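Peer 1: Here are the chains, one letter per residue:
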Amino acid sequence: MALPSPVRHPHTAKAFLDPLARRKPLARRNFQRLVASGLVTGVVKGQASFRVMDILRVKDLQIAFTVHGLARDVVKGVSLRVPAGKTVALVGESGSGKSVISQAIMGLLPRSGAITGGEILFRDPAAPETAVDIAGLPAEGPGIRALRGGRIGMIFQEPMSSLSPVHTIGNQIEEALLLHRPMSRKQAREQIEAMLKRVGFKDPPRAFGAYPFELSGGLRQRAMLAMALICRPALLIADEPTTALDVTIQAQVLDLMRDLQAEMGMAILLITHDLGVVANMADEVVVIFHGEIMERGTAEDVFRRPRHPYLKALLKASPHFDMQEGERLVALREAKPRPKAEIRARPEPAAQDAPLLRVRGLSKTYVTGSRSFFGKGTLNAVKAVDDVSFDICRGECLGLVGESGCGKTTVSKIIMRAVSADSGEVIFDDGRGRTDLLALRGEALRAFRPRVQMIFQDPVSSLSPRMTVKNILREPLIIHERGESAAQNERVKQLMQDVGLDIRFLNRYPHSFSGGQRQRIGIARALALDPELIICDEPVSALDVSVQAQILNLLKDLQAERGLTFLFISHNLAVVNYMADRIAVMANGRIVEIAPRHRIFAAPVHPYTKALLRSVPFADLDRKLDFKLTAPGGASDERHWDAAFRHGEDGGGLSHLPLGSGHYVLARADADVKELVS
Amino acid sequence: MLLRYILKRILIMIPTLIVTSALIFTVINLPDGDYFETLAAEMQAQGEKADMSRIEFLKKEYGFDRPPVERYVRWVAGLLHGDMGYSFEYQRPVREIVGDRLMLTMLVSFATIVFTWIVAFPIGIYSATHQYSWGDYGLTFIGLIGLAIPHFLLALVFMYFANVWFGTSIGGLVDPAYLNQPMSWAKLVSVLEHLWIPVIIIGAGGTAGMIRALRANLLEELQKQYYVTARAKGLPPGKALRKYPLRMSLNFFISDIGDILPSIVSGAEVVAIVLSLQTTGPLLIRALQSQDMYLAGSFLMFLSFLTVIGVLISDIALAILDPRIRLQGTATK
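Respectively, the protein sequence lines represent chains A and B. First residue of the first sequence? That's 1 in the numbering used here, and the numbers climb one at a time after it. First residue of the second sequence? That's 1001 in the numbering used here, and the numbers climb one at a time after it.
These aren't lab readings, by the way, just hints derived from the structure by calculation. One or more hints might be untrue.
Claimed, not checked - Here are the simulated DSSO-like pairs of lysine-lysine, each with C-alpha atoms no more than 30 Å apart in a straight line:
{"no.": "1", "chain 1": "A", "residue 1": "Lys413", "chain 2": "A", "residue 2": "Lys197"}
{"no.": "2", "chain 1": "B", "residue 1": "Lys1243", "chain 2": "A", "residue 2": "Lys202"}
{"no.": "3", "chain 1": "A", "residue 1": "Lys316", "chain 2": "A", "residue 2": "Lys610"}
{"no.": "4", "chain 1": "B", "residue 1": "Lys1243", "chain 2": "A", "residue 2": "Lys197"}
{"no.": "5", "chain 1": "A", "residue 1": "Lys383", "chain 2": "A", "residue 2": "Lys202"}
{"no.": "6", "chain 1": "A", "residue 1": "Lys86", "chain 2": "A", "residue 2": "Lys312"}
{"no.": "7", "chain 1": "B", "residue 1": "Lys1224", "chain 2": "A", "residue 2": "Lys197"}
{"no.": "8", "chain 1": "B", "residue 1": "Lys1243", "chain 2": "A", "residue 2": "Lys186"}
{"no.": "9", "chain 1": "A", "residue 1": "Lys316", "chain 2": "A", "residue 2": "Lys556"}
{"no.": "10", "chain 1": "A", "residue 1": "Lys86", "chain 2": "A", "residue 2": "Lys76"}
{"no.": "11", "chain 1": "A", "residue 1": "Lys610", "chain 2": "A", "residue 2": "Lys202"}
{"no.": "12", "chain 1": "A", "residue 1": "Lys312", "chain 2": "A", "residue 2": "Lys556"}
{"no.": "13", "chain 1": "A", "residue 1": "Lys610", "chain 2": "A", "residue 2": "Lys197"}
{"no.": "14", "chain 1": "B", "residue 1": "Lys1239", "chain 2": "A", "residue 2": "Lys197"}
{"no.": "15", "chain 1": "A", "residue 1": "Lys202", "chain 2": "A", "residue 2": "Lys624"}
{"no.": "16", "chain 1": "A", "residue 1": "Lys186", "chain 2": "B", "residue 2": "Lys1060"}
{"no.": "17", "chain 1": "A", "residue 1": "Lys470", "chain 2": "A", "residue 2": "Lys413"}
{"no.": "18", "chain 1": "A", "residue 1": "Lys76", "chain 2": "B", "residue 2": "Lys1224"}
{"no.": "19", "chain 1": "A", "residue 1": "Lys624", "chain 2": "A", "residue 2": "Lys197"}
{"no.": "20", "chain 1": "A", "residue 1": "Lys316", "chain 2": "A", "residue 2": "Lys86"}
{"no.": "21", "chain 1": "A", "residue 1": "Lys197", "chain 2": "A", "residue 2": "Lys186"}
Fair warning: this is a prediction, and the values are worked out from it, not measured in the lab.
Next up, chain B with everything else stripped away, as it sits in the complex (with noise of 0.2 Å):
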C-alpha cells in the first residue's frame, strides 16, 4: 500500500517537473531579445563597436536562431544528461560556476530549516501548553518581531552589531582565503563559523512562522476528546501530550517542509545579497538581469527539483504518520 503510494507519488513529480521547466523557459524568453541583443546594446551604450558578425555567429552557435521549441527540447535534454548549459557571460559551463555555491546554498537551507525546527517545536509546545502565561506572551512578542522584520533589515542589524561588539566582518560564509580551495578540514570549521548568522537571519520569520502555527495547531488539538479520552485512561499529561495530540500536530509540521523550501531560498536571496554570501542567490539574480539563460534556467530547474523533493519526503512522511492518507488518500479531522 505504502509502496504504491510512494510509487504513485514519484510518478506525479515528473508531469509536475515538465510544466515547471516549460514554464521557467518561457518566462526567461519573454523579455525581447536575448543575451546576446542585450550584450550588443550595452557595448555600443558603452561606445564600443559591437562585432555584429561575431554576435550573428554566437547566435548560430548557440542554437539562437531555431525556434523556441527546439531550444527548450534541446535544454531539457541536456540537463537530463548533467549539462546544465553554458553560461554566456562567463564563458564558461555552468556546471563550473555554481558547483560550490549549489553545495553552500542546500547547506544553508538545510541549515536553516534545521535551525527553525530546533528552536520552533520546544516554543511551541511550550506556548501552547502554557497558553496565556507570561512565557506564551513573552515568546509570542519575540515571535512576532522575527515575523515583522524583514530579512534584509536583520541581516543589516547583525552586520552593524556584529561590527561594533566584536569588530568583525561577518560577510560571506566562507573567509575568502578558501573561497576557491577544494574541501578541507580548515575550510568545513571556517563554513560553519560563518554559518550561523545568515541561519539565523534567514531562519527567523520562517521559525516565528511556525511557532505561531504550531501553536495554534497544538492547541487545537488539546481540545479534542480523544486527548481527554488518553488521559481518562490514566496517562500522565507528558506522555499523553506526546502521543497524541503531538503526533496530529505534526502532520502539519511535515507537510510544511515542502511549503518552508521555496521561502527559505527565495528569502535567501535577498541577505545573501546583503551578506554578500557564496551562495546562488546573487548568481541567480545577475543572471537574470543579463538575460544569461541557461545559467538562469538551470537555476530556477535546479530550484524547483529540491521543492519537489521537499514535498515528496514530507507526503512520504505524512503517509507514514497518517494512516488515513494511507488507507484512504486523504486525511479528514
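The following block holds chain A by itself, in its conformation from the complex (with noise of 0.2 Å):
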C-alpha cells in the first residue's frame, strides 16, 4: 500500500504537525509569497476595480486519509482558484474528491483525514492586503473559526440533516450571526427577519420560530442560505446544494442563488456531479477526477471546447433531450461486452392486442397526524394517488415522471401488492387470461408475484449483505422451487452473464462490488423468476453519471433481447426520455398528461409538464435555464395552473382529453382542446 506521500512542501506539514512553530515568520512569508503569486498585484493603489482578485486560491493541495493504519490520498496536487464575486464550479463523480477540497477550507476535514502538502490562501476583500493560509491555521483555532460562518458560508446537500431538528429556524441563524457580529437580540431578529424575508419566506416572523420538520425540503434549503449568508461571507461553498431537491425547486434555489450572489457580491464554489447546474450557474469550471484536475477554464471553454478525453466523455454519457431515436448513450467505461441473453421460453400470448396491464381508478388516501387518546386530534387525509389509470403494452417501457410526493411510488407499491388501494382495479393480461391483481389472496397471490418483479433505487440497502450474490440470486428460484439445485445453480451463472458481471463474483458479498455492479446484481435477480412486468423505481438516481449510462444501456439491451415491459419511476426527465416509450407524468396523486415519448417533449400540454420541461438544467451554454418562468411555489402548485386544468369552483370535473395520437392532458371536460395546445 501507498506511504503517505512524500512531504513536497516542508513548512506546511511541519505546520500542519506544530502549527506553533511557524506562528511568527508566517506574515512574512505570506507577504513575499503573496507578491511572488501575484495575487496581491492586482490591487496596487485603486487598481483593483480593472482586475478581479483572486479571494480563494488553493495552491498544490494534497490531502490525505488513513483508515486502519493505512495512508490513501485522495487530493493530489489540486490547483484552482475563485475570483471575487463569480462562481467556480467544482465538477466530478462520487469519490473524485471535491467534497474533501471543500472540507478542506472550511477546516472540516474528518479526524481520519490530513492535509499533507500544499496551501489554500484565502484572501478578505474587506482587508484585501493580507492572505490567510487556512491550512496552516491551527485546527480548531480561533483564526480559522473567525473565517468559518463569518467570512466562508456553507450550504449542504441535505438541508434536512443539516439543520438540528430540535432548535428553531431562527435560533440556528442568530447563533451564526451573534457569533460574528455582537450585536443586541432585537437588532439581530430584525436582521435575520430580512433576510429570511430575501430568501423567500413569506412570513419571515413565522419563520423565525419554525422547526426544520416543519418545513418542505426547499424552504429548509433557502433557511440553509439565510444561515450561511447572514453574516455576508465573501465566499460561499455549496456542495451539491440542489441534488436532493425537485428540478422545480433546484431552479428556484439556484436562481435565489444567483441573485444574491449578485446582490452581495460574493464568490460561489460550487461544488456538483451535475453538468447542467454547472452550465447555468458557473463562470469558471474545474474538473476533478481521482483526486487530480483534468481540465480547468471558463465555461466558454470548457462546455464549447472540451480537451480532456474525461470532460468530453462526461458530456456523452449524460442524457439529454436531443437523443436521436436509437442513440445510445456512450458510458464512461464501457462495460465489458456481454453475450446476448437467450431468449426465455415463454407461452405465446394468445391475443396480441390487450395490454399486458390495465390500471383504472387506482386511489390511495394516507391519513396522517396525531391521533389523541379519545380518538380525536388533527387528522389530514393526503390523497397520495387519485384516480390514476394508464395502460402498459406488452414489450413497452412506460416512464412515469413526477416531483417526489407526486404518488408515483405509491402506484407502484399497489401494483407490487406492497400497499393496498383504496378503490380501482389492476388488471394483469398476459394474453392467455385476465387476472385482476388487486384481487388476489394467499397462494394465488403468491403464485402471481414472479411475474412482477422490481429494481430498486439504492443498490446498497436493497441487497442483504450477509448473502453471497449466489443466494441472493438463487434465492427467489427456492422461494418459488424452480427447478433443481444443480439447474438452479446453472440459472444463477446464466443471469450473471446476463447482467455483464463475471462468474467468479459469485461467491463475494455485495459490499465488495461498486455501486454500479451492485445495481446489476439487482437486476439479476429481478430477472431471476422471468418476470413479465418490471417495475424500476428510480433505478439510477443513486449512481454516477458514467455508471448511470452503463445501467440505463443494460436495461434497453436486456429488454431489446428478451422483450421486456417496463414500468419506468424516475423524477429524471432525461432519463426517462431515453429509456420509455410512453411517458405518464404524475403531479398531486394524478397524472395530468400520457403521451408518446417525443409528443411530451416536444409539445407538452399541461402547464405542470411545461414546468417541468423548463426547469430541466441543460449542460448546454445556448440553452441556460429561464429561472423567473418557474412558479414560486413550485410547479405542482395548482394554483398557478391555468383555470383549464384546475378543479374549478362550480365543481367541473377534470378528466383526460384526447389531444390525439396517443396524447391525453387532465383538463376540465368543457375544456377547448384547441386553446389547450396553443
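Since each chain comes alone in its own frame, lean on the hints to assemble the complex.
Peer 2: Here it is, written out as C-alpha cells:
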C-alpha cells in the first residue's frame, strides 16, 4: 500500500503537525509569497477595479486519509482559484475528492483526513492586503473559526439533516450572526427576519420560530442559505446544494443563489456532479477526477471546446433531450461486452392486442397526524394516488415522471401489492387470461408474484449484506421452487452473464462491489424468475453519470433481447426520455398528461409538464434556464395553473381529454382542446 | 400543546395502573392456597396442632371466602384510600411495617440514579469525543467489568475488603442504634455514611451500560450533518458539542429514566439481602414466599407506581426537550 506521499512542502507539513512552530514568520512569508504568486499585484493603488482579485487560491493541495493505519491520497496536488464575485464550479463524480477539498477549505476535514501538502490562501476583500493560509491555521483555533461562517459560508446537500431538528430556524441563524457580529437580540432578530424575507419566506416572524421539520425541502435549503449568508461572507461554498431537490425547486434555489450573489457580491464555489447545473451557474469550471484536476477554464472554454477526454466522455454519458431515436449513451468506461441474453421460452400469448397491464381508477389516501387518546386530534387525509389510470403494452417501457411526493412510488407499490389501494383495479393480461391483481389472495398471490418484479433505487440497502451474490440470486428460485439445486446454480450463472458480471464473483458479498455492479446484481435478481413486467423505481438516481449510462444501456439491451415490459419511474426527465416509449406525468397524485415520448417533449400541453421541462438544466451554454419563468410555489402548485386545468369552484370535474395520437391531458371536460394546445 | 400532551400522558397512567394491579393480584393468587393454608401446613409440619376453626375464622374475617374479583376490588379501593392492607405474618398494618423502608428504598434508588448520571455522563462524553484513545479504551474496559460482574458478587467483594482494610462491617443502611428511631440529624448522617456503598454496587452495572449507550449515541450524533453545519458557522468545538449532539443524545438519557427504575429496584433486592439493608427488598421476598398477599401486593403496586411516575417524568421532559414529540407526537431521527 502507498505510504503517505513524500512531503513536498516541508513548512506546511510541519505547520500542520505543530501549528505554533511557524506563527511568527508566517506573515512575512505570506507576504512574499503573495507578491510572488501575483495575488497581490492587482490591487496596488486603486487598480482593483481593473482586475478581479482571487479571494481563494488553492495551490498544489494534497490531502490524505488514514484508514486502518494505511494512508491513502485522496487529493493529489489540486490547484484552483475563485475570483471575487464569480462562481466557480468544481465538477466530479463521487469519490473524486471534490467534497474533501471543500471540507479542507472550511477546516472541517474528518479526523482521519489531513492536509499533507500545499496551501489554501484566502484573501478577504474586506481586508485585501493580507491573505491567510487556511492549511496552516491551527485546527479549531480562533483564526479558522472567525473565517467559518463569518467570511466563508457553506450549504450542504441534505437540507433536512444539515439543520438541527430540535432548534428553531431563528435560533440557528441567530447563533451564526451573534457569533461573528455581536449585537443586541432585537437588532439580530430584525436582520434575520429581513434575510428570511429575502430568501423567500412569506412570513418571516413565523419562519423564525419554525422547526426544520415543519418546512418543505426547498424552504429548508432557503433557510440554510439565510444562515450561511447572514454574516455576508465573501465566499459561499455550496456542496451539491440542489441534488436532493426536485427540478423545479432546484431552479428556484439556483436562481436565488444567483440573485443573492449579485446583491452581496460574494463568490461561490459550487460543488456538483450535474453538468446541467454547471452550465447554468458557473463562470469558471474545474473538472476533477480521482483527486486530480482534469480540465480547468471558463465555462465557455470548457463547454464549447472540451479538451480532456474525461470531460468529453462525461458530456457524452449524460442523457439529454435531443437524443436521436436509437442513439445510445456512451458510457465513460464501457462495460465488458456481454453475450446476448438468451431468449427465455415463454408461451405465446393468444391475443396480442390487449395491454399487459391495465390500471383503472386507482386511489389511495393516507391519513397522517396524531390521534389523541380519545380518537380525536388533527388528522390530515392526503390523496397520494387519485384516480390513476394507464395501460402498459407488452414489450413497452412506460415512463412515470413526477416530483417527490407526487405518488409515483405509491402506484408501483400498489401494483406490487405492497400497499393496498382504496379503490380501483389493476388487470394483468398475459394474453391467455386476465388476472385482477388487487383481488389476489394467499396462495394465488404468492404464485403470481414472480410475474411482476422490481428493481430498486438504492443498490446498497436493497441487497442483504449477509448473503453472497449466489444466495441473493438463488433465493427467488428457491422460494418459488424452480428446478433442482444444480439447475438453479446453472440459472444463477446464466443471470450473472446476462447482466455482464463475472461468474467468479458469485461467492462474494455485496459490499465488495461498486454501486454500478450492485445495481447489476439487483437487475439479475429481478430477472431470476422471468417476470413479464419489471418495475424500475429510480434505478439510476443513486449512481454516477458514467455508471448510470452503463446501467441504462444494460436495461435497454435486456429489454430488446428478452422482450421485457418496463414501468420506469424516475424524477429525471432526461433518463425517462432515454428509456421510455410513452411517458406519464404525475402531479399531486394524478396523471396530468400522458403521451408518446416525443410528444411530451415536443408539444407539452399541461402547465405542470411545461414547468417541469422548463426547469431541467441543460449541459449547454446556448440553452440556459429561464429562471424567472418557474412558478414560485413549485410547479405542482395548482393555483398557478390555468383555470382549464384546475378543479373549478363550480364543481367542474377534470377528465383526460384526448389530443390525438395517444396524447391525453387532464383538464376540464368543457375545455376547448384547440385552446389548450395553442 | 404541551399541557394537552401532559394531560394525555397522565390519563394513560390510569389504565396502565389498573392493568398492573390486576396482573399483580392475579400473579400473587396464582399459587395454590393462601397465606392461611401455608401457615397451617407449616404448623403441622412443625408438629403443632393447627386450630382449624381459628384459621377458618381468619379467612372469613379477611374476606378470603369471597370470590377473587370482590377481593381485588376491595384491595384496590383500600389502596386508593392509602390503606395498604394488613400483613398476616407481622400481624400489623402493611403501612406500619413498610413506612421507614419505603423511604429508604426511594432514597437508595434516587441516589443510585443520580450517581449513575454523574458518573456516566462525563465519561460517556469523554469516550465519544476521544474515540479509540487510551482513555476511551481504559474507561471502556472498566465499564465492561462493571457490566459483567453480578451485583451480589460485587457486594460480597466490597464487604470483604471493607472488613479486611477498615475492620468495619458495611452491612445495613443505618447504624442499628438508629433503626427504629425517629428521623434526626445523627440518623441522617449515619444513613449517608452507609449509603454510598450500596449506591456504587447497585449503580455499577447501570452506569457501565449507560456509558456504553451514551458513547454510541453521541458517536452517531457527532457524524450528523447538523454538527458539521454548527462547526461551519464558526462555533467553538465545545459549544457546538454542547448545543447540538449532546442535546440530541439527552433524549436517550431521559427516556432511560423509565427503564432504569425497575432495573435498579430489582437489582437492589439481591444486594439488599447480601448487605442486609433495611430497604423493602428483603421484606418483599419474604412476603412473596409466605404468600403474605397484602404486604407483597401493596409493595409491588407501590413499585409499579414509582415506575409509571418515572416514565411520566421522562415523557414530559422529552416533550419539553424535543419539539418533534411536542408538535408531531413522534420523534423521527
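Peer 1: List, from low to high, the hint numbers that the structure doesn't satisfy.
Peer 2: Hints 1 and 16 not satisfied by this model.
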